[in-house]
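Trainee: Chain by chain, the residues run as shown.
There are 2 protein chains.
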Amino acid sequence: MKELEDRILAEGKILPGPVLKVSSFLNHQMDADFIMELGAELARRYGDAGVTKILTIESSGIAIAVACGAALHVPVLFAKKHITSNVSGDLYQTIVHSYTHGTDYTVVVEREYLNAEDRVLIVDDFLANGKAIEGLLDLIRQAGAEAVGAGIAIEKGFQEGGAKLRENGLRVESLAIVDEMSEDGIRFRPET
Amino acid sequence: MKELEDRILAEGKILPGPVLKVSSFLNHQMDADFIMELGAELARRYGDAGVTKILTIESSGIAIAVACGAALHVPVLFAKKHITSNVSGDLYQTIVHSYTHGTDYTVVVEREYLNAEDRVLIVDDFLANGKAIEGLLDLIRQAGAEAVGAGIAIEKGFQEGGAKLRENGLRVESLAIVDEMSEDGIRFRPET
Chain V
1 MKELEDRILA EGKILPGPVL KVSSFLNHQM DADFIMELGA ELARRYGDAG VTKILTIESS
61 GIAIAVACGA ALHVPVLFAK KHITSNVSGD LYQTIVHSYT HGTDYTVVVE REYLNAEDRV
121 LIVDDFLANG KAIEGLLDLI RQAGAEAVGA GIAIEKGFQE GGAKLRENGL RVESLAIVDE
181 MSEDGIRFRP ET
Chain R
1001 MKELEDRILA EGKILPGPVL KVSSFLNHQM DADFIMELGA ELARRYGDAG VTKILTIESS
1061 GIAIAVACGA ALHVPVLFAK KHITSNVSGD LYQTIVHSYT HGTDYTVVVE REYLNAEDRV
1121 LIVDDFLANG KAIEGLLDLI RQAGAEAVGA GIAIEKGFQE GGAKLRENGL RVESLAIVDE
1181 MSEDGIRFRP ET
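These protein sequence lines map, in sequence, to chains V and R.
To convert, note that position 38 of the first sequence is 38 in our numbering; the numbers rise steadily by one, no gaps.
For our numbering, count along the second sequence from 1 and bump the result up by 1000.
Worth flagging that the hints you see were computed from the coordinates, not collected in a lab.
Being a predicted model, the structure only gives us computed values, none of them experimental.
You may find that some hints are simply not true.
Example chain R residues on the side facing chain V (calculated, C-beta under 8 Å, incomplete) [as the list claims (entries may be wrong)]: (1) H1028; (2) M1030; (3) S1059; (4) V1074; (5) V1148.
Using N, Cα and C, we set each Cβ at its ideal position, and we do this for glycine too.
Using the sequences and the hints, build the whole thing.
Mentor: So, in structure tokens, the structure goes:
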């Protein structure tokens, strides 16, 4: 999506890791109008997939997931990273490894909101090593639901997550795929 | 807002605390279309306030904040609960006490996204004791920005947060105010 690539080039900062920092418009400060456009574009790509529910993970996936849900007119469920006193009842839970923080964490959804009849679209702001999405796929499996695909704003194509998910048969649509980034600049994968 | 009161009556569950659980449409599973309506209604109420930025706190305020931001065409900033490796540079930070979890936590925003010129609308899903909003007000003060008000989906009118904020001169608009709740039912404050 050219508008997203242009925005990354204009505002993205490359930090050690390498981390692509897009906090000015995507996941700390959020350009609400632009987020709605990103969500609508994901909805367009999955418009024929019979999506009944969107699943994301707190926190930075929530905005684009809601934008996509509003365009598809389906509910959005976010997996919670901690068990809080507001989560009650039976839970599906799984463990996700975070490379960013070097720790494992548990994510949960309440069973009543994910059912065997659901056709689930996973939405997130970033795809890198794919661990968060694998965790969400595990929750979907536990519910006996079907994963129709993943809709991602920015994929780090130089990490293995996207390739692995696609090899395993998951449809993955990323609005921008960064194949290389360094202090010399960013190279995007051409859209097919 | 009658649609919100009706939805609370139809789907809300009262748990010990008392906690009003609205996880079926507001803050775990989210009815994306309805969230957009709630955001648009908050935008309508603050449409003449010259809002330049919306500030919320992760995670459950993000959806309605983005909906409001899309209606007002202003950026949305969310305060982060932990310092992650993706937060760099100079930060405004403050400490918030959580009654729900019985702990204090630090919330931060990056300085570059909150400026002395900003007229800030705080948006959140719930207002109870008001500690989260006091924390956000502190961040706004640190930036030298102006808080034009708070826009809340559900206020627990039987807790002191809303009254205290209004006594201190903050405009607070809550789409539904629960004045009493028990196993016998829910009583809303009439709209004025």
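Trainee: Give a verdict on every hint.
Mentor: Outcome of the hint check:
This hint holds: R/H1028 has a C-beta 6 Å from the nearest C-beta of chain V, less than the 8 Å allowed. Hint on R/M1030 holds. Least Cβ distance to chain V is approximately 5 Å, under the 8 Å limit. For R/S1059, the suggested interface contact is upheld, since its CB lies about 4 Å from the closest CB of chain V, less than 8 Å. Because the smallest distance between the Cβ of R/V1074 and any Cβ of chain V comes to about 7 Å, under 8 Å, the interface hint for this residue holds.
Annotation: interface hint on R/V1148 violated; nearest CB of chain V at approximately 17 Å, more than 8 Å.
When each numbered hint is compared with the structure, a violation occurs for hint 5 only.
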